[in-house]
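K.L.:
What follows is each chain in one-letter form.
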Amino acid sequence: MSEPFRIATGGDVKAGAPLTFMFDGVSYAGRAGDTLASALLAHGVHLVGRSYKYHRPRGVLSAGAEEPNALVGVDGGAGRFTPNLRATQVELHDGLVATSQNRWPSLAFDLGAVNSLGARFFSAGFYYKTFMGPRAAGLRAWKNVFEPIVRQAAGLGAAPTAPDPDRYAQFYTHCDALIVGAGAAGLAAALAAGRAGADVILCDEQARFGGSLLQERTATIDDAPASAWLEAALAALAAMPNVRMVARTQAFGHHAQNLVGLCERVGDRDSAASEGVRERLWQVRARDVVLATGAIERPLVFPGNDRPGVMLAEAARAYLARWGVAVGRRVLVATTHDSAYRVALDLRAAGVGVAGVVDLRDAPTGELVEAARGAGIRVLAGRAIKSTSGRLRIREARIGPVASTEAAQEERIACDALLMCGGWTPSVHLHAQSRGKLVWAPAIGAFVPGQAAAHVRSAGACNGAFGLAAALREGDAAGAAVAGGSARAYATAHDPPQTGARDIAPARSAAAKDKAFLDFQNDVAVEDVELAVREGMRSIEHVKRYTTTGMATDQGKTSNLNALEVAARALGKAVPEVGLTTYRSPYTPVTFGALAGASRGDLFDPVRRTPIDPWAQAQGAAFEDVGLWKRAHYFPRAGESMAQAVARECRQTRASVGLFDASTLGKIEVVGPDAAAFLEKMYTNPFAGLAPGRCRYALMLNEAGFVIDDGVVARLAPDRFHVTTTTGGAARVLHHMEDYLQTEFPQMKVWLTSTSEQWAVIAVQGPRARDVITPLVEEIDLSREATPHMSVREGRVCGFAARVMRVSFTGELGFEINVPSEHGRAVWEAVWAEGASREAVAYGTEAMHVMRAEKGYVIVGQDTDGTVTPDDLGLGWAIGKNKRDFVGKRSLARPDIVAAGRKQFVGLLTEDPAFVAEEGAQIVDARGGAGGAALGHVTSAYFSPALGRSIALALVANGRNRIGETLHIPIMGRTIAARVVAPTFHDPQGALLDV
Amino acid sequence: MSEARAANPTPPTPAFPDDAEASLQSVGAAARFVLRGETPAARLAGEALGVAAPGRINRAEAAGLRAMLRLGPDEWLLVADGEAPAGLAGSLAQALDGTPHSLVDVSARQVGFVLDGRLAARLISAGCPLDLRDGAFPVGAATRTIFLKAEIVLWRRAAQTWRLEVWRSFAPYLIGHLAEARRGAADL
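Heads up: the protein sequence lines correspond to chains A and B, in order. Counting from 1453, one number per residue, gives the positions in the first sequence under the working numbering. Counting from 2, one number per residue, gives the positions in the second sequence under the working numbering.
Note that these hints are calculated values from the structure, not bench results. Errors might be hidden in some of the hints.
Said to hold, decoys possible - Taking beta-carbon pairs under 10 Å as the criterion, some of the chain B residues facing chain A (in silico):
#1 F17
#2 D75
#3 P101
#4 A109
#5 A127
#6 G136
#7 P139
#8 R158
#9 W168
This structure is a prediction, so every number in the text was calculated from the model and none was measured. The C-beta atom is built at its ideal place from N, Cα and C for all residues, glycine as well.
Just chain A, same shape as in the assembly (with noise of 0.2 Å):
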């Protein structure tokens, strides 16, 4: 297929075999090294959107990154479709599928378009106004009637429903200059710094190096032609190994002490040899970060200036030069700067028909104007475009003197294309964003970096230096600074010094019916901002929020800096005045693959899984998640439910033998002289009367008295415990350890480490848990009199040095065999062979839970809640009455710790014996019902086995002194009665904890 407007130099692509791409379900032919939106220009298509409010036809505006109007969904097959991603970025390869958004049904066609008509209704703060529209209209209305249509209509792109099955890609990196931006300011500081031999980093947004040098076609440096001397220096930075230069990366936010977030988009340029990674998310930790991220156009505003077809004028001469694509074919130009006439002499040598040059300023003159006119290039100064029109396309512009109103004195001049240029404004967002301050340059009329932090610099036309030579200078400048080089002087020529005006308001013309749009995006006109302060708005923050301008996905690139303009006229303050409005990161939209990185699916979270968990998985266990780890949650059998099998393990562990793998526990050995004076002070318990081979329940307070964790403290020898914690707290108790050690208690010869992983935990429990275990256990007596209840022995257990433990969480005889635990799996598989001809059970934490509760042993975090002291739990006794201070002691004699009435821990038996309550049930008073006194909440609740009833553990004020009432359950419409007992429902004198 032709390329109509593709000019016969054909710019930097070549013709070579054509790639066919579709967009909106049209087939055409592009060329490498094309962007969708050249490709799409070479064939004469400007209209590419419709607007986000409106729903008027939307043309591509600009070349780059700032991009407000030409954004398309683009769809790479199963999971990748990409929505709003600029045309102007994208990369065209063979079969790319591509398509407009926000029009319904057709681009051409577009029924939103009414919208327009109904302008009024969308006016400035119509958000803020329906929100809070009168009450008449009813909430109900707004809900199934209003948000929905406007839902529909003012949307941008869809978001993907398929998982993305692309790679993505984040590492971490660092060098000593990262410089941001490869046009001629970015080029001299890296090459600068590269030949002091810096570590440097030197990226660009677009696919090829080069910024601005690569439409320049008549500057020359250092006698060279621009293009010869930036392949020049490309080569010579390709030489230095010191220099890593990344294209296709955006620098997309600045962060503390030079963090700098970069995308690049690895997928665009091979995605063969890439692995299929499509982006890549660099965080770069620099030492020094030099910003050449250049300037970008603004668009001029007048009426109709959105017609596709109405550019920025830089952007034409881009596509002219790069992708040898002409904009139109009878270009207008309208301008308010010098630079715009260089596009309009680059046009005319290239054979493109330039209608004039409308320019706003009364005496234009300089070395382009004049160039210009020498050209033959009408000039109309002290002129401004009235209006456009054109239904899916200029086709007219009609130009009058800057103060008139009257129609009567504007001359038609009929135009395809019209170019704009309203002065230049330097990016200075990651400027912004490391603090730099910003300070406003009258000059250009724009904001350029001031004060700057530590160690960030800007050079060039991010830096309010316009101009080749002055690029040049500040880059190579920067680049010796941080580099610690030394400065050169580049020569340079045929490039003409450029000015502009900025402080010329056009009046409107009494005849123009379109809006002056300032943000094309969000469909911002001038006149929603002359409301929004008519309205009251005084500052830009809130004229931002009032008219969402500089809101959208552009965050107002091109925007910003007249929409403030423009609220500074109408409040009749001068700009610096008006405020400015912070720049955020990311600086163009990130996807979420890049920031999610390898982190998902197994990889998000680490999934721990103790040693014994493949045997497990092979009994067919169901698991559940405790923090990271996988628990062994109950062990089905074939047509058994979860109810059945908890039941099974319960009843078989009680009546013979059960086994439960306990590795998750925290463990964490206290060793030193002074090890058991501080676990004093950490646990409530005393432990220097703890005999060597003796174990103990202990529990943790916080400073404010309330339990925080609980364990079995055993003393191995006079300087060493082993002690355990709960699964999830096993981290943060020894956080909690390390803070007082470090900070109360830094005398102290005693030092923690954790050994939750170094060993494997089988906890054997039941009336035979002895038989099982004795005949694998060596150098350990493991009777009644030798190894009583709460004891611990070191020894060896299949050949394998252990630590055996006998410890009970059942309410039965119980061990806990510590081994190493690459031999954990080993002694499991040992002990469940030698539990074979005793009616073993392999039991899972549900069923622990049940056990436990049956005993009323305390789960910390379950029946506790943040709020819970010992004496509220009934553990008063695990308080070393005659130690002098321990974590949490003077809490315990604060008033409202020692006033009766606090909730305590007690057992409830519901009248209905099969009725399990919900945990976290209310409870309330004799009354019942809704009009009941609220008491407390169930802490547990299971259908007990060893029973054959329901059980329930409870939290209830003055709990202690109801046992015996009956309390009332409100749940689900009706009210449960429960008696208040004891929290200890199996064997409450213990005898089967001594045998």
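Mind docking chain B on chain A? Use the hints.
P.N.:
Same frame as chain A, now just chain B:
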């Protein structure tokens, strides 16, 4: 009962795509101890181990298959590849007798890997924010640090050779991410 019963020293881990640019090997069984205490304790332990105790924090000293990594002002990680902990525990305890210290066997707590090749440092930097360039992390440097959501000990053995130690249940996460990073660095 005999010590001969087969052990499974490393947990099952995802495969790492070894090639010339980066390869990952498990170090297998090793004796490991955390030594806490003051400098004299480290000196005595070093003598018993036959390794010069590293004086500077974040440095490691090695002799043969034995090494001492100084991870903090009062913390050293002792590693003896291929050894069983029992024998070493005895000689260390003997050497340290009478000097306040804490010596804790963590042989089974963690597992060790060697990541080798031109891309090794790049892959570590997929999850570790430290500056791993020669000037900041020279050969012989060692530290406890993070790799995404896991804690690791990182020790640079040679220019392109890195030892990683990680708690055993975090190993699949670490290796999984290193393997993903290898693919993410395919063109680097």
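K.L.:
Hint by hint, which ones does the structure fall short of?
P.N.:
1, 7, 8
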